[in-house]
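So the chains spell out like this:
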Amino acid sequence: MSVLPVYVSTENDYLAWLVAVPADCKVSDIINAAAGLSLDIHVPSQPDATLCLRKLKEDTPLPPDAPAAGLIEPTEWLHLYYDTAAKQ
Amino acid sequence: MALLNRSQWYDLARDTNWTPSFVSEDDLFPPDVADPFKMSKEAWAEYDEPYKVSYREYVRVQRDKDAGVYAVNTAAARTRFMEECNNRWKSLLKFHFGAVSLAESCSQQSEGRMARFGKAPGMRNMATFGLLDEIRHGQSQLYFAHDNLKHGQTFNWGHKLLGTEEWGSVMARSTLDDVFLGRDAVTTAIMLTFAFETGFTNMQFIGLAADAAEAGDTSFSNLISSIQTDESRHAQIGAPLLKMMVKHGLEKEAQKAVDIGFWRTYRFFTLLTGCTIDYFTPLEKREACFREFMEEWIIHQFERTVLDLGLKLPWYWDYFIEDINMFHHGMQAGMWNFRPTVWFDVPAGVSPRERDWLESKYPGWNDNWGRVWDVITKNINAGKPELSLPMTMPLICNLNNLPIVKNPNGKWDPDGQSLVYKGRRYYFQSHVDKWVFEQYPERYSAHTTVTDRLAMGQIEPTVEGILTYMGLSEVERGKDAENYAWAYAHRAQPTKAAAE
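Protein sequences appear in the order of chains P and W.
For what it's worth, this note's numbering labels the leading residue of the first sequence as 1039, then goes sequentially.
For what it's worth, this note's numbering labels the leading residue of the second sequence as 139, then goes sequentially.
None of these hints come from the bench; they were simulated from the model.
Take these hints with a grain of salt, some might be off.
[To be verified] Derived DSS-like pairs: lysine-lysine, alpha-carbon spacing no greater than 25 Å straight-line: (1) W:Lys390 x W:Lys176; (2) P:Lys1095 x W:Lys617; (3) W:Lys560 x P:Lys1093.
Model, not experiment: these values are computed from the prediction.
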């Protein structure tokens, strides 16, 4: 199984992390994997918000159901963040 | 027969330059390794070392210094300091010996290069003594580390570290290779003796010696103070060269070497000195905080020296002054989180009283770094210390080989922190680290960080696989230095900020 390594930074954390996911995964799998690697610092519970992923240099969230392949390149830097508007 | 005073014979005796006739000047002093700036013979003739010493004087003084160091060590052993000191002080010593002993030893090569390829006889003399100094520093610190093996097995990392792929070792090797092992004689003199030794070794050796004396470790204090007396002498090799370069139209080249050497050195010492002074040293024994030492030794003294030589302050000076309030706090949090990846037990240094001290020295510390430690403290007090141990590697800077950190309340800087070179992505701690990379991309681009190697499949992707790759056997891996006593203290005694 080939692997897609990416770097993920998160809100309020002081480090960015290496996250390796299967190359055929969806964006939502990266979100779950990154949140699961949490030290309980970067992703505290925020039930009224949606957890989103975007490229560090871009503003728009990546569609969670989209396949990562073709959308995200190996070793790209992604950013995990809360979007309160998306939940409403 | 009356002996002449040194001043009556020194200039004549030290002038060992001649015009080569069997080989060309460039064969004797290949420009790539001797002087890529191609300064004229007349310019080199102006080199005047500020510290003049003869071999006879040097040997006499060094013999006395060494006798003093070992005598104090023998006497100090009777005080049973090492038997009675706490674990965090032992950690500080293990950290120092690991990072410094072989680094000093390998700088013999740098001094040797200046001793052979320096084009001024005075520079060669100074560097010859510098080479002998570094032999002494390597040997004495390895001796002291070895002597401490009875107080902790991982004191052997004084010798072991640089031969491993432990992340601190990769960082140290990449810095040392760049700053003083892989440069020509002139650039080595600037980056090693001027940037590295003039400012930063002062802070590590004098700042730490003061804290060690205060803590009662007279042996270690005496050892590193003695070493610093040598450093202050051979650190003077670079300044006359800078003066020459400015005078002969090479100001831009001199400035660039200073700017690069200073920045690489700053990152190295921030990890080593910043963390030990502000977090490892017992609170009641601290003389000043890292920022205050930086202000005294670097911002005031180094700044004045640079300007006196006719150079400018490095272009990133304002950013640097801000950075000394931030970067080492991230290094400390990271080193504690990743404690199994180092060879000593890591003190958190964030008990309620220590957090109050940090807030007083770095206003805003509680709002920024305190929030990270709040979560960690809460998890430990809830019986979940495993949540403070990472399950993957952090993104590491492709220049300085340290984890990329930011103030937890700050923003990442996408434009300043990355670039693509020949199809490969590189990430940096800051725009300054990126700028250094851009000056010599071919020099740096082939290197991979430990995290790059993990991402490329060169390391087994498990925690055990990573630790084994770093050379850390199960008994060598660091733990919390105080068995979480600092966290439990928060239950009974909140910080001033929490109490308010």
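Lys390 (chain W) and Lys176 (chain W): Cα distance at most 25 Å?
-> Between Lys390 (chain W) and Lys176 (chain W) the Cα gap is close to 14 Å, so the pair holds against 25 Å.
Taking only the CA atoms, is the gap from Lys1095 (chain P) to Lys617 (chain W) under or equal to 25 Å?
-> Roughly 37 Å separates the two Cα atoms, so the pair is violated.
Proposed proximity, Lys1093 (chain P) with Lys560 (chain W) (alpha carbon, max 25 Å) | holds, 21 Å
In summary, the structure is inconsistent with hint 2 from the numbered list given earlier, while agreeing with all the others.
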